[in-house]
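Chains as they are written, first to last, in the numbering used here: chain A, 1 to 623; chain B, 1001 to 1143.
In short, the hints are calculated from the structure, not lab data.
If you're wondering where the values come from, they're calculated on a predicted model, not measured in any experiment.
C-beta: ideal position from N, C-alpha, C; glycine also.
Misleading hints may appear alongside valid ones.
Going by beta-carbon spacing under 8 Å, a handful of chain B positions derived as facing chain A [said to hold, decoys possible]: (1) 1012; (2) 1014; (3) 1015; (4) 1021; (5) 1024; (6) 1085; (7) 1097; (8) 1120; (9) 1122; (10) 1123; (11) 1125.
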Amino acid sequence: MTLKTKFLILLIAFTLIPVVLFGGVAYEQARDILQSVRIAELNALADLKKDKIETFFIERELDISAIQNIRVIQANLPVMSALRDPRHPLSVKAEADLDSRLVHLMETHGYLDIMLMDKQGRIVYICNKSHATQFGRRLAGLGTFEAAKQAIVFSDIIIPGASGDPIEIIGAGPIRNQRGEFIGVAAIEIDMGPVYRTILNNPGLGRTGEALIVRKEGDSVLFLSPLRDVPDAALKKKAAFTDAVAYPAQKAALGETGSGVTLDYSGKDVLAAWRFLPHLRWGLVTKIDANEAFAPASRLRTIMLSIEAVMAILCVIAALTVSGTITRPLRSLQHGAAAVAEGNLDHRVGTGSNDEIGVLSRDFDRMTEALALDRAARIRSEEEVKALNEELRHNVRQLEESNKELDAFSYSVSHDLRSPLRSIDGFGLALMEDYGDKLDDKGRDYLERIRNATHRMSRLIDDLLNLSRMARFEMKREPVDLSAIARGIAANLGKSRPERRAEFIVADGLSAYGDGHLLAVVLENLLSNAWKFSEKTPRTVIEFGAVLHNNETTYFVKDNGAGFDMAYADKLFTPFQRLHRDAEFAGTGVGLATVKRIINRHGGKIRIEGEPGKGATVYFTLS
Amino acid sequence: MNSKVILLVEDNPDDVELTLRALKKSNILNEVIVAQDGVEALDYLHGTGKYAGRDVNAKPQLVLLDLKMPRKDGFEVLRNLRSDERTRLLPTVILTTSSEDRDKVESYKLGANSYIRKPVDFQQFVNAVQQLGLYWLVLNEAP
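One chain only, chain B, in its complex shape:
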């Protein structure tokens, strides 16, 4: 049983569903908070808006961040994360459909810890998530 939270920032409900399913299939039982766009994500992290009053010190162990989102996209969130002292070291994995080099470069530039392409093949996706979980939640020592 793990009380550490995974923050999933994803606007596509299908992808949300599939990711959750994949996590479950990988035996990753952490609580998953879903933010549907950048604004919600930042609200959660900063304890503002929808999540006003939340204890911001209770930081998630891992952020799975999509890039293409309405209102505030992944880059903005990332920028925001990394410029805030509280969230600067937060492990953030970009999970996106884009295979564009420039997105990859930009993500790393802005301080993402990792960049994963969402494969179409769901089985592959499950494998990826499994490895993700294994690495970030178990192996990796959080800052």
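This is chain A alone, in the form it adopts within the complex:
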């Protein structure tokens, strides 16, 4: 996951998401508050309207009660009903009496008409003379009329036939005479205008707010007032109780009181309050579209969403920017690392920023510098090494040249020095043989010495050659069976002088890692020495063995021969240094020097211990 993504996720998680949550909560809260407020409003309005309407009709009831008690009516109604002829002079008088009382009443109360009907339901008096055509009309059988015989009742809303005429409602009540006998019905035509105005006047309820009145009719709700969406709904629109709309109207029509969020007659979501007006058995509903009611909350949501959108964009920008400020230097650092890895130590990342990455970059550059210095130093020492190697090779070449010269030298020595020696010895012997009798003892003695001297010189030359060869010899390194070699040499020595009483003790399994030829020379020299120097011992015992001490094997050759004085021990390994005269033990004194040289070449050490008369032991190690 890239830094960019991480930052984005972080930012979104810690800023956008909380804001979204907050926005959601705020919105819900706003809605709840709005709902409460609006419902309260609607309830208040519904109650207000209900009161107003109820008051209106109570007043009308009172009006009708008052009318019921008007003596003029009580006196004249029977007359009018009995005469049935409006032109009869008594009727005319009666009518005039009534007019004098009722016209004023009608006008002051704003009734559309006041009518009187006889016991049979015939209209016998009309206050509003423009309705004169109604005279004589029978209303018997009409629900309202029949009910008005008993008590004050109100009719249903009446939609006028002719447009322009107001919608009215009739309130009627029984008229009784002084004796309490029913003599007829009085009715007032009430202009529903005010009522409707009350209903339809909804200031402050908003654009979609409205109030309406309904009535139960059978299994339906009958709408009694114009609806905003259905202007001529009065007495026309119905909604069945089984319908899934007009819940407030249904509830109101059924006599319920309440409020809530529900569906109106158009199926829209509304906030509504519903009341029942028992006087008229009307339902009253105040409602407002949920959309409008919750509009502020919706506005809030829109604002929140906008803010969130902006925040999201800002988050992205911030993420990109911040990650950029981190990844850009990081990338240049990475390039730097790659460049350095490829060997370019002059590359500098360089970052001026003061943050941790800047510090890292500067440290990185310091590291690169250090590496560069290091490399320079390394290159210098490599060149030194190369120079040294050159010198070394040069020296090796010189050494090899030297060795070749030595080789040639030894070669010529082996031939050229020996020839004259041979002549000396040969002719010396010839002289001895052919002319020896002509010489006296002294002369023969001198000749003898001459010959001996040449023999000695020859041996010396041989030994010297050997010694030098040991130094030049190209050493091999391989497992060498020392026990076998020693036994071979011992056998040869024994055979050379079979009459000698000599015992060789060779330890088993003695082996070493070195040059077989050279080690054979060592053993040859040491065992021959042991053999030589124990010549005078009656029973010679020569032992070759090894001891293991501190992980190091020390070999030894021990004899019980003449031994030597330890005071001269260090001379023994020097070439030609001898501790015995040649007359005692023949030898050139080169053997031990040769042995020492071979041991040295194997990386080992050698020492010798001895005691005069008791014998000597040579100890040596090989690396």
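Dock chain B against chain A, hints included.
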């Protein structure tokens, strides 16, 4: 009495003298022809130069060959001997002062029959020559 010839190839007059003496002391009475270097030796064997006209079929029974000689050394002679059909099988003993292994190896490589070091001690030399003579001239059956 033996008419078989021994060819002694040796440049050092002292060594010649001593060898002859040794042969005499060993009762080897063959005629000894002395060539003082490689050139003379080959001249004799091939019947050229100094020995022009010699019957080359009369080959020596034994060649005693020194290695270190001027003009043509022992190796050259040996090489020449062994590459010539006539002398390829000629018994040749290297008689030399050198104790170098490489000389020994080279000699055998080139086809010498034997390699003897000349000891300084003349008595030893006489013994050696005696054994030589006994072996090569008496015991050994020439090709």
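Hint numbers contradicted by this structure: 5 and 6
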